[in-house]
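Fit chain V to the given chain S structure using the hints.
There are 2 protein chains.
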Amino acid sequence: MANTAVRFLYSGIRVRDLDRSIRFYRGIGFRIQARGRMQHGGEWVHLRYPRSWHRLELNFYPRGNRFYEAPKRGTEFDHFGFYARDVHAWLRRARKAGGKLVEEFVDGTSRLVYVEDPDGICLEAFGPARPRRSRRSGGSG
Amino acid sequence: MANTAVRFLYSGIRVRDLDRSIRFYRGIGFRIQARGRMQHGGEWVHLRYPRSWHRLELNFYPRGNRFYEAPKRGTEFDHFGFYARDVHAWLRRARKAGGKLVEEFVDGTSRLVYVEDPDGICLEAFGPARPRRSRRSGGSG
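So the protein sequences, as listed, match chains S and V. Position 113 of the first sequence, counting from 1, maps to 113 under the numbering used here, and the rest follow consecutively. Position 57 of the second sequence, counting from 1, maps to 57 under the numbering used here, and the rest follow consecutively.
Next up, chain S with everything else stripped away, as it sits in the complex:
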C-alpha cells in the first residue's frame, strides 16, 4: 500500500458539553468545518485552524450510548501544541474563551504556557520569551 493512499486527517477528543467546547475552540481561532451524527447516536464536530489542514475532532457520546464512559482523567493524551508569536496575547484569548492557565515558564529564549480546555485537555503555546512588537500593534504585552 503506497502512503499516498492514506492520510493522517484528525485528532479526536471526547467532550462532555459540545456547545461549551465549540465556544472555547472557536474562541481561540478554530472554525467549524463539518459536523454530524454517528450511526449509534454520538455527535462529532470537525474544526480547522487557519493554515492547518489537520482537523480537531470533538466527539460527544450521550449517556447510554455504547461508547459512553464516565469522564475519567488519564495519562494517554499530553497536549495540543501551538506556536504563538505573542504568547501573552494567545493566553489572554484562551482565558477569555474559558481556558484555565495551569503553568507558565521561560525555557531559554522561549516562553511556554499551558492552558486547560473546559474538559481539562491541555493546550501548550510556545513562542519567543520577549516578542518584538511592531509599532502598529503597541501595548504592554
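Since the hints were made in silico from the structure, they are not lab data. Hints are supplied without guarantee of correctness; some may be wrong.
If chains are identical, the list can't say which one is meant, so a pair holds when it fits in one copy or spans any two.
To be verified - Here are the simulated SDA-like cross-link-like pairs (lysine to any residue), alpha carbons at most 25 Å apart as the crow flies:
#1 K100 with N65
#2 K72 with P118
#3 K72 with A129
#4 K96 with E76
#5 K100 with R7
#6 K96 with R16
#7 K100 with F67
#8 K72 with N59
#9 K100 with Y83
#10 K96 with D119
#11 K100 with G27
#12 K100 with A5
#13 K96 with E69
#14 K96 with A5
#15 K100 with M38
#16 K100 with E76
#17 K72 with P128
#18 K100 with P118
#19 K96 with R7
#20 K72 with Q33
#21 K72 with F60
#22 K96 with G36
Chain V in isolation, oriented as in the chain S frame:
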C-alpha cells in the same frame, strides 16, 4: 492578535517506551522530523505523516520526573483519524507494526477499523467498504 501569528502545530501523546512507540508509528508510515530532551529531563519526538504538516508528538517522562504520572486510562482522548483507500491494507500494516485490532464495522458505504497503539491510544482508519483494486495490486483484500 491576528490568527496568522499562531499555528496549530502538533498533537502530543504520552508513551511508556519511546523506542517501542517510534517502531509502531514508523511502521504505519510516520517519519521522525525532530527530537530532543526537555529542560527537566523528559524526551520528545516529532513525527510527520506524508502529506500532513501536523506533527504527532511522543512525550516520554521518566520516573521521578516532575511530569511523570503512573499510566492511567482516561477518557479525554478519543482517537487519531486516518483516511485509507484500502482499509484492510492499512489494518495489516498496523497489526504488523504492533497494533491491536479492537473494533471493525461497516457503516453505509464506509469501512471503519480501530486499532490500539502499544500504549492503548486508539487509531481509526476509514475508507470505502469495498475498495476498487487495480489489476496490478491484485489480492483478495
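Quiz prompt | In rising order, the numbers of the hints this structure does not comply with | solution = Failing hints, ascending: 3, 13, 17, 20 and 22.
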